Amino acid sequence: MARKISMRQALNEALDQEMSRDPAVIVMGEDIVGGMGGEGEKDAWGGVLGVTKGLYAKYGERLLDTPLSESAYIGAAIGAAACGMRPVAELMFIDFMGVCFDEIFNQAAKFKYMFGGKAETPVVIRCMVGAGFRAAAQHSQMLTPLFTHIPGLKVVCPSNAYDAKGLLIQSIRDNDPVIFCEHKNLYGLETDVPQESYTIPFAEANVARDGKDATIVTYGMMVHRAIEAATDLAKNGIDCEVIDLRTLSPIDMDTVLESVENTGRLVCVDEAHPRCSIASDVSAKVAQEAFGSLKAGIQMVTAPHTPVPFSPALEDLYIPTAAQIAAAVRRTVAH
Amino acid sequence: MADKRIVPVVMPKWGLSMKEGKLTGWLVEDGKRINVGETILEVETDKIAGALESTDAGTLRKRVGEPGTVYPVKALLGVIADDSVTDKEIDDYVSSYVTPAVEEGGEGEGGPKYDFVDLPDGRIRYAKRGSGAETVILIHGFGGDLDNWLFNIEALAENATVYALDLPGHGQSVKAINDPSLAVLAMTIVSFMNAMGIKSAHLVGHSLGGAIAMEIAREAKDRVKSLTLISSAGLGSDINSEYIDGFINASSRRDLKPVVEQLFANPSLVTRQLVDDLLKYKRLDGVDAALRALAANVFPSGRQRARLDWNGLPALVIWGREDRIIPASHAAAATGAQAEIIDGAGHMVQMEQAGKVNALIKAHISG
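Chains as they are written, first to last, in the numbering used here: chain A, 4 to 338; chain B, 60 to 426.
Pulled out of the complex, with its shape left as it was, chain A reads as follows (with noise of 0.2 Å):
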C-alpha cells in the first residue's frame, strides 16, 4: 500500500528490499555504518544522511565502511560487481568522482564493449548532487552531463521519493554501471510510495505536469522549480508543459519531441553549468529533429559558468528560480 515517505526512507526501502531479495547486493561507501573502526555504535551513521541507517542491524557484513580512499572502494565495487555481486558503493559527493574516473569511465564503462558483450558490471555509484546546502564550491556541483557524455553508463536522477525507489531498484537489478545522483534538497521530500517493491523504466519521462503553450524539460530539484514557475504561469493564462527526464542516459527524447510538436516551445532547465549540459543536450536534440515545429526560440535556464559560491546570498542566486524559468517562457510565448 502507498504512504507517504521521505526520499531518504525511500532510497533506504529500496536497499533494504533489494537486499533481502537478492543476497548479491552489497553496499559500501564512507560511514555508511559507524564509520571505520567504531566500536558499540556500529549502525550509528547511516551515511552522512542516514540513508543506509539500519541496514547494518539486518544485513550485517553485506554494508562494507571503508577507508576515505574513492578511488580504493569504487575500483573494489567495480571489481565486485564484475565478478558477480550487486554492489551499491555510496560516493557521498559527487565532486569526489574526479579521483575514480578511471575506474568508472576506463574500467567500468568499458568492460562490456571491450569483451565482446561477455562481461557485465552491475554496480550502482550513488552520489549526492546539487547546490543550495552551504556546502561550497567543491561540494556541490551538479555533474550529471559529465557522466552523460559517456557511454556505457547510465545516469539517473529522481525529483521524488516514488521515482527514488524505483529507478534505485531498477538501477540494482540493471546489469551495467548506474551512477545514481541524489539531490541534496530533496531527501526530506515526501510523497506516495507503495510499500511493494516496483521498478520504473530507463528512458521513460514523466510528464509533471500537462500543458499546451509551452515545454519546460528539466530533471532532479529543478522540477520542483519548474512546476512552480508553470504555477504561476497559469495565472497568466500561459499553460506549460513540464517534463521530468528521471534519467538522463538513455534519455527519453521521445517524450520530449511529442511535447514540442504540441507546444511549439521549449525552456530547458538545467542547473549544471550551461556549456554542455544536459539543457544544451536536449535543445540540441530538439533543434534538429523538430526545427519545424518550434514557434520561437528555445531557452535555457541553467547555472552560471561558475564554481558554486560558498556564500548563502551569491549561492542562492547561482540556482536557478522559478521566476527566470518563468521569464525564459515568457520570453519564447513573446513570439
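Honestly, the hints are just simulated from the structure, not real lab data. Zero decoy hints are in this set.
Pair by pair, the computed Cβ-Cβ distance ranges are: (1) A:Ala-299 <-> B:Val-243: 57 to 65 Å; (2) B:Ser-311 <-> A:Gly-300: 25 to 33 Å; (3) A:Gln-141 <-> B:Asp-174: 46 to 54 Å; (4) B:Gly-181 <-> A:Leu-320: 49 to 57 Å; (5) A:Gly-300 <-> B:Lys-172: 45 to 53 Å; (6) A:Arg-6 <-> B:Pro-317: 27 to 35 Å; (7) B:Thr-158 <-> A:Glu-123: 56 to 64 Å; (8) A:Gln-327 <-> B:Pro-179: 56 to 64 Å; (9) B:Asn-356 <-> A:Ala-337: 57 to 65 Å.
These figures come from a predicted structure and were not determined experimentally. Every residue gets a Cβ at the ideal spot worked out from N, C-alpha and C, and that includes glycine.
Based on these hints, arrange chain B on the given structure of chain A.
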C-alpha cells in the same frame, strides 16, 4: 433553508479519494428543462473525466460554476428548480449555500478508506460502503481494481451494504496467484465472504469479474442472491486479444494510453492520471507475472476458455454497445436473463454510463 422546490447541482464525489474536481464545461444553457438522467455538465478529476447526470427534473435556473475552475466536492455548481420559484429565491439560495464538509469515515487527512483482510491466499484490499440489509459485492475485471467502481459504489450504497475488492494479482492485494484459474479466484471471493461474515450476496462482476461471479454461482449457489454481469466474460468465446496482449506488454505511458483508450467509447475519458496509476500498478513486482499467468489460463490463444451461466439465479446482463474488448453481441447468449445494451458506452460501461448502470443494478437487487 431546506426548500424542496430548489435542487442544488453540486460537484460530485466520484471515487473514494476525490476531494475536488474541475468543472470543464456546461452541456446545457440557463433556462433549459432538465430530465432525470440528462447530462448537464462535465467534470474532470485527477482520476477520470466524466459527465454529471441530473438526479432531478426541473429547469436549470442558474449556473454558478465557472468552466475551468476547480471546486471541492459538494460545492454548488448550479441550481435546478421549477418555474414557481422566483429569481430572488434562487439568488438567496445561492448566496446562503454552504458547501458541506465531506464525510471522512473517521480517517484523518481525508485518505481513501480502504481496509485489508488476510485470507488463506494472501492479503486482500477492499472498500466497504453503506449499511443496507442487502449485501452487494463488486468484482472488477482483468487488470482492474476496486476503483473501477468509483462511480457506482457510493450510489449502490444508498440502500445496500456494498463491498468492492481487489482480486489477487490486482490493485493493492497480494500479487502472487498460486493457481490463476477462475475456480481459485471464485474461492477467493467465497473466503472473503466468510471472513466478512457474509452469508449471501448480490454479485456484480465486470468483464473477468462476471465470469468469476458465474463460477461462484456454479460452485456455491447458496451464497449468491443474484448476478449482475457487466461486459462479462464467460458468455462467448470472443475477446480482443490485442487488448489483453497490449495491456500486459505496455511499459510506458505512450504504449499504454492507446490500449486503455479501447476500454471507452469516448477515449478522451482516459486522463494522464488514469494511465499513470495503471503504470504504477503494472510496475509492482509480481504484477507482470500474475497478469501473464492469468491471461494464459483464462484467455488461452486469445479466446475465452470458459462458457458459463448463472445457474438459475436472477441475472441482469449489461453491455456497452461500443464495447471493443468483449462484443455486446455476447449479451444475446443470455437467454432468460434481463439484458440491457447501453448506447454511448464501451467496455467500461459502469464508468461511462454510471447513472444508467446504477439504476439498473438497484432495480435488479430490489426486484
